[in-house]
Amino acid sequence: MERLLEVKDLQVSFKTYAGEVKAVRGVSFHVDRGETVAVVGESGCGKSVTMQAIMRLIPMPPGVIKNGTIIFDGKDITKLSEKEMEHIRGSEISMVFQDPMTSLNPTMKVGAQIAEGLIKHQKMHPSKAREKAIEMLKLVGIPNAEKRVDQYPHEFSGGMRQRAMIAIALACNPKLLIADEPTTALDVTIQAQILDLMRDLQKKLNTAIIIITHNLGVVANLAQRVLVMYAGKIIERGSLDEIFYNPRHPYTWGLLMSVPTPELDKNKRLASIDGTPPDLFAPPVGCAFAARCEYAMRICYEKYPEDFPVSDGHSAACWLLHPMAPKVKPPVGKGVTL
Amino acid sequence: MTGQENALIEINNLKKYFNVGRGAVLKAVDDVNLKIMEGETLGLVGESGCGKTTLGRTVIRLYEPTGGEVLFEGKNVHKLQGQELRGFNRKAQMIFQDPYASLNPRMTVADIIGEGIDIHGLYKNRERTERIYELLNLVGLNKEHANRFPHEFSGGQRQRIGIARALAVEPKFIVCDEPISALDVSIQAQVVNLLMELQQKFKLTYLFIAHDLSMVKYVSDRIAVMYLGVVVELATSEDLHKSPLHPYTQALLSAIPIPDPETERKKKRILLEGDVPSPINPPEGCRFAKRCRHAKPVCTEKQPEFKEVEKNHFVACHLY
Numbered sequence: 001m002e003r004l005l006e007v008k009d010l011q012v013s014f015k016t017y018a019g020e021v022k023a024v025r026g027v028s029f030h031v032d033r034g035e036t037v038a039v040v041g042e043s044g045c046g047k048s049v050t051m052q053a054i055m056r057l058i059p060m061p062p063g064v065i066k067n068g069t070i071i072f073d074g075k076d077i078t079k080l081s082e083k084e085m086e087h088i089r090g091s092e093i094s095m096v097f098q099d100p101m102t103s104l105n106p107t108m109k110v111g112a113q114i115a116e117g118l119i120k121h122q123k124m125h126p127s128k129a130r131e132k133a134i135e136m137l138k139l140v141g142i143p144n145a146e147k148r149v150d151q152y153p154h155e156f157s158g159g160m161r162q163r164a165m166i167a168i169a170l171a172c173n174p175k176l177l178i179a180d181e182p183t184t185a186l187d188v189t190i191q192a193q194i195l196d197l198m199r200d201l202q203k204k205l206n207t208a209i210i211i212i213t214h215n216l217g218v219v220a221n222l223a224q225r226v227l228v229m230y231a232g233k234i235i236e237r238g239s240l241d242e243i244f245y246n247p248r249h250p251y252t253w254g255l256l257m258s259v260p261t262p263e264l265d266k267n268k269r270l271a272s273i274d275g276t277p278p279d280l281f282a283p284p285v286g287c288a289f290a291a292r293c294e295y296a297m298r299i300c301y302e303k304y305p306e307d308f309p310v311s312d313g314h315s316a317a318c319w320l321l322h323p324m325a326p327k328v329k330p331p332v333g334k335g336v337t338l
Numbered sequence: 001m002t003g004q005e006n007a008l009i010e011i012n013n014l015k016k017y018f019n020v021g022r023g024a025v026l027k028a029v030d031d032v033n034l035k036i037m038e039g040e041t042l043g044l045v046g047e048s049g050c051g052k053t054t055l056g057r058t059v060i061r062l063y064e065p066t067g068g069e070v071l072f073e074g075k076n077v078h079k080l081q082g083q084e085l086r087g088f089n090r091k092a093q094m095i096f097q098d099p100y101a102s103l104n105p106r107m108t109v110a111d112i113i114g115e116g117i118d119i120h121g122l123y124k125n126r127e128r129t130e131r132i133y134e135l136l137n138l139v140g141l142n143k144e145h146a147n148r149f150p151h152e153f154s155g156g157q158r159q160r161i162g163i164a165r166a167l168a169v170e171p172k173f174i175v176c177d178e179p180i181s182a183l184d185v186s187i188q189a190q191v192v193n194l195l196m197e198l199q200q201k202f203k204l205t206y207l208f209i210a211h212d213l214s215m216v217k218y219v220s221d222r223i224a225v226m227y228l229g230v231v232v233e234l235a236t237s238e239d240l241h242k243s244p245l246h247p248y249t250q251a252l253l254s255a256i257p258i259p260d261p262e263t264e265r266k267k268k269r270i271l272l273e274g275d276v277p278s279p280i281n282p283p284e285g286c287r288f289a290k291r292c293r294h295a296k297p298v299c300t301e302k303q304p305e306f307k308e309v310e311k312n313h314f315v316a317c318h319l320y
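Sequence order for the protein chains is A and B. Note that our numbering numbers the first sequence so that position 251 is 251, with each residue one more than the last. Note that our numbering numbers the second sequence so that position 60 is 60, with each residue one more than the last.
Calculated from the structure, these hints are not laboratory results. It should be emphasised that the depicted structure is a prediction, and the values quoted were computed from it without experimental measurement. Do not take every clue at face value.
Non-contacting residues of chain A with respect to chain B, defined by C-beta distances greater than 10 Å in every case (computed) [said to hold, decoys possible]:
1. 3
2. 69
3. 79
4. 130
5. 139
6. 245
7. 258
8. 271
9. 302
Going by beta-carbon spacing under 10 Å, a handful of chain A positions derived as facing chain B [claimed, not checked]:
10. 32
11. 34
12. 41
13. 43
14. 187
15. 191
16. 218
17. 255
18. 273
19. 321
20. 324
Note that beta-carbon positions come from the ideal geometry of N, C-alpha and C, so glycine has one too.
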């Protein structure tokens with residue numbers, strides 16, 4: 001498959017009165033055309049900041065992109081001018097946010113919000129853009145689209161607002177859609193509708209999707225590849241099945257075990273990851289997860305582990321994968337002893 | 001319900017309507033009957049706007065009901081006065097959803113936890129301080145945290161403070177209103193484990209309100225499913241997951257994405273069309289009829305009765 005996006009050694013910091021927060025500390029990954037990549041991790045692990053860097057939406061100051069290149073469709077985004085960036089935002093890369101109420105403009109009709117991008121990017125005639133807006137609303141499954149196009153966001157329910165957001169994001173037929181927790185604010189039955197919709201539209205339009213979520217069920221439902229982030233770094237990456245059935249990083253094990261499976265016995269304790277993520281003002285020298293890791297060795301505190309390959313496309317940054325490390329049996333997955 | 005256990009709380013024909021102006025009435029809770037047994041966890045699930053929070057709040061007297069009654073240890077909660085009311089206020093506590101909004105930012109942790117102790121005059125001076133330290137320990141914090149303010153804590157830690165505050169007055173019954181939905185996955189497990197440990201230690205009774213069905217199943221002994229102000233199904237959590245009877249429960253269960261790729265690929269989803277209708281002037285008959293795959297003419301005419309179909313398995317549906 002053809003590369004669409006390639007991020008290399010991205011580092012983003014925020015300067016605050018209390019010091020520098022190193023939110024993203026060297027992240028490299030790629031997205032191919034038409035595929036779905038899920039980014040999982042706890043709040044504050046840098047997943048949203050990484051995506052904002054791709055969209056160049058990081059407020060600067062206080063934010064600084066300290067290092068790294070972001071190649072999108074052959075161009076280095078970090079070197080583009082703001083003007084050139086405006087052409088990319090909304091027409092080639094677009095974004096769906098978590099909260100559909102605060103990300104839609106309450107004073108603008110929904111149809112006008114969909115048409116806005118078309119008029120700006122594709123120089124479409126307003127009356128034609130309106131027709132296209134109706135078509136988009138139908139595409140995302142909003143009944144009565146001819147009437148709905150002239151309504152305001154407050155007249156839409158939560159699920160319909162998120163559909164409208166998706167319609168806005170997909171109106172210009174972008175090559176990449178970044179969905180930042182698109183279903184977190186929704187009820188499960190509506191969430192199922194939105195996930196189905198995203199999968200359908202991807203098939204129809206061949207858009208690549210990066211989905212940020214902490215719901216592992218959503219990941220299993222939608223993604224083809226998974227990136228696990230912790231404290232500003234990608235600590236494990238691999239295909240969906242590799243991550244769920246053969247995970248190699250203790251943090252990934254912790255994440256997988258902390259969700260109750262339908263078979264879990266009530267008398268058994270849920271496995272939780274004790275402690276909290278490290279302070280990113282002064283991230284640890286070694287592995288950032290070491291302090292919470294029950295398998296931590298001395299080297300984990302002293303040196304950051306390199307990315308050890310597990311199989312094609314699957315790698316994890318953990319010293320347990322070093323040939324000299326003690327053998328540990330993963331507590332989850334169908335995997336074999338390391 | 002075996003009949004041998006004691007019902008700590010009996011909810012009989014409880015109704016809570018809100019006047020929303022222009023003669024419109026929002027029926028948030030409409031004729032709910034439930035019993036909560038001593039020492040059990042009753043899970044309450046449903047989509048947003050179905051009235052589950054209103055039910056929880058009415059049960060602990062944060063709202064006055066429009067009709068019906070709530071009995072706590074046999075006494076009508078909304079008729080209590082004086083000494084008895086103080087006793088009830090101590091015995092029934094609540095843990096809130098948003099740990100950021102439910103702690104007063106101007107109060108130190110010690111004052112937040114100590115407020116209930118002062119009001120009920122449980123401990124004074126040295127003993128009070130000791131008790132606060134003990135409570136902090138109990139929820140996995142330590143006494144250095146006592147003089148800090150809420151903004152110095154993470155979401156999970158704040159939720160622990162909220163739990164310590166509820167426990168401070170030695171309650172019997174706690175309404176947990178979505179206590180984990182604002183937290184990260186790994187922190188959710190910590191808080192749930194803490195709640196379950198505390199339940200065993202102090203023989204607490206929980207009403208656990210949530211929309212995350214997989215967590216509710218793990219936490220609860222029995223689960224009640226609400227839809228538009230009505231309880232549509234009630235069963236043990238095992239039964240509810242193995243053989244859900246109400247079409248709404250079936251759809252709700254099939255909609256949860258399971259964190260297992262193979263299951264997800266094989267699964268057939270029951271997709272519900274449309275959204276939950278407005279609880280203002282809700283439809284006649286069964287409230288789910290419009291979105292139901294099995295709807296018959298009778299469903300739109302008559303509201304189905306809430307009846308026991310199998311042992312300890314109640315459902316309100318014309319199919320049974």
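Going down the list of hints, with the structure as the test:
no., hint, result
1, 3, "holds (24 Å)"
2, 69, "holds (30 Å)"
3, 79, "holds (35 Å)"
4, 130, "holds (25 Å)"
5, 139, "holds (17 Å)"
6, 245, "violated (8 Å)"
7, 258, "violated (4 Å)"
8, 271, "violated (7 Å)"
9, 302, "holds (25 Å)"
10, 32, "violated (19 Å)"
11, 34, "violated (19 Å)"
12, 41, "holds (9 Å)"
13, 43, "holds (6 Å)"
14, 187, "holds (4 Å)"
15, 191, "holds (7 Å)"
16, 218, "holds (5 Å)"
17, 255, "holds (6 Å)"
18, 273, "holds (4 Å)"
19, 321, "violated (22 Å)"
20, 324, "violated (29 Å)"
Violated hints, in rising order: 6, 7, 8, 10, 11, 19 and 20; the structure is consistent with all others.
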